[in-house]
Structures are given as structure tokens and as C-alpha cells.
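What the sequence shown shows, in our numbering, is residues 32 to 253, in sequence order.
These are computed hints drawn from the structure, not numbers from a lab. Note that this is a predicted model, so its numbers are computed, not measured. Possibly wrong hints are sitting among the right ones.
Quick list of in silico lysine-lysine cross-link-like pairs, BS3-like style, CA-CA up to 25 Å [unchecked claim]:
| # | residue 1 | residue 2 |
| --- | --- | --- |
| 1 | Lys123 | Lys65 |
| 2 | Lys88 | Lys34 |
| 3 | Lys178 | Lys224 |
| 4 | Lys177 | Lys224 |
| 5 | Lys34 | Lys123 |
| 6 | Lys65 | Lys34 |
| 7 | Lys174 | Lys224 |
| 8 | Lys88 | Lys123 |
| 9 | Lys88 | Lys65 |
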Amino acid sequence: MVKLSPLFDLEEALRVFSGSIARLEIVSVEGEVKELLAELAPGSEYTELRISLSGNKTFTFRPEERFPERQIERPEDFDYSYLLVPDAAFYKGRLAQALLRRYYPESDLFLPAEYGFVYARRLPAEFPGRIYRIAGLDGFHPKRLKKWIKQEEIRRVNLLRRNFFLSSREILQRLGVQEGGDIWLAFTELNGKPVVFRVEPLRTEERSGIAGEGESFHRKIP
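The whole structure should be built from the sequences, with the hints applied where relevant.
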């Protein structure tokens, strides 16, 4: 067993240990990737990729499941009420789509891009990641968003960012705020356009039930 750095690239591990890997394992603790393990056996074929999370939760995949199918965009009308962030291990392993296909085949979950957020109308059972309730959605218009922030006297914002053209630091600079506080904003792309969600973290006891309708961000931003 070879213990690799959490930053070690998965593709590089496959190249370096080609022909000797029996299993690769990504270990994550409380949503943070801690290490990459390679189980080696001379002459063996790469047959399994395992995700190990806190609480002794494991997910296993075949190597070919890492390569996602082309995602078909949904219609412009967005009627999802929850934003989900899979554990970082699934992003590192390029397994976000495989997670949904294998473990939630009957759930109406939407993943526009492999490194993006997951959206749900109803909460899935035992989802390995963070869940937020969507309180509003709007296109990314920095001036309008900054005006809303000023009107609400917001000085700190918690950022979520996936598949977005600006870095977290650039977003904070454009909005004139610091990171932190009680307001949560998620930045990503939908149908090729940059958008921003206002979201609220769900407590553990809330992670079950039926989704309600989200509030339009346009009601808060002139």
C-alpha cells in the first residue's frame, strides 16, 4: 500500500504505477481529502476506485465510471429547491456523475457539469456531502448584486463556487465584502450563463422531507 499526498493527481498515480495497481482509494475526513492510497500487486489490473468518508462510509466504482457521459442541459425554467455539494473526494476522482447514476438512480438529481453543483427537488437519503436550501436565483450581475448587498448592509458573505469563471477572491473584490457571516451565496453556470444562488445550510435534523419552492432572487435585487 502506497500512501500519497492528497494533492497527488489521480491520472499521475495511474501512470506511475501502471500495471501494478489493484485499487485506488481516496480518503476524505469531514469533507476534506486527506490522502490517496494505492494498493499495489505486480501484474494486477486496476479494478476498483474506492471513496472512504468519515463514519466508515465507503463507495466503490469501476475505473470506466470515471468518464462521465455528456450532460444534456435542462430547460431554462429552474424548479429545483436544493443545492448539493458532493464530498470533495468525488470531485477529485471525477466521480460526481457516477455517484448519482450508481447510488441515486431513481432520484431526480441534476448535475450540469462534472465539477458543478448537484440540484434536487427532494432531498436524497444519506447524501455524502453538504446540502443547502435555495432561497433565490439570479443571473450574475455584479452591479445589481453589489447594490443589493449595500442596501441590506451586508459586510461578509460565505461563498460556494463551482464551475465559475471568477475565483473566490475575485468575487469578494467585485462585491466589496469579506468572507464569513450569515449570508451564503453560490456561484456557478447554468445553460452556459453565470448565475448566483442565495442558499441556506441545512442542519442535520432538516436533511429529510419534501422540498418547497425557492424564492426568486429578483424579489430582493431591483
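So, going through the hints one by one against the coordinates:
1. Lys123 with Lys65: Measuring from Cα to Cα gives roughly 11 Å; hence the hint holds.
2. Lys88 with Lys34: 19 Å, holds
3. Lys178 with Lys224: 21 Å, holds
4. Lys177 with Lys224: This hinted pair holds, its Cα atoms lying about 19 Å apart.
5. Lys34 with Lys123: 16 Å, holds
6. Lys65 with Lys34: 10 Å, holds
7. Lys174 with Lys224: Given pair Lys174, Lys224 holds - Cα atoms ~17 Å apart, limit 25 Å.
8. Lys88 with Lys123: 17 Å, holds
9. Lys88 with Lys65: Holds, because 15 Å separates the two Cα atoms, which is no more than 25 Å.
Taken one by one, the earlier hints all hold for this structure without exception.
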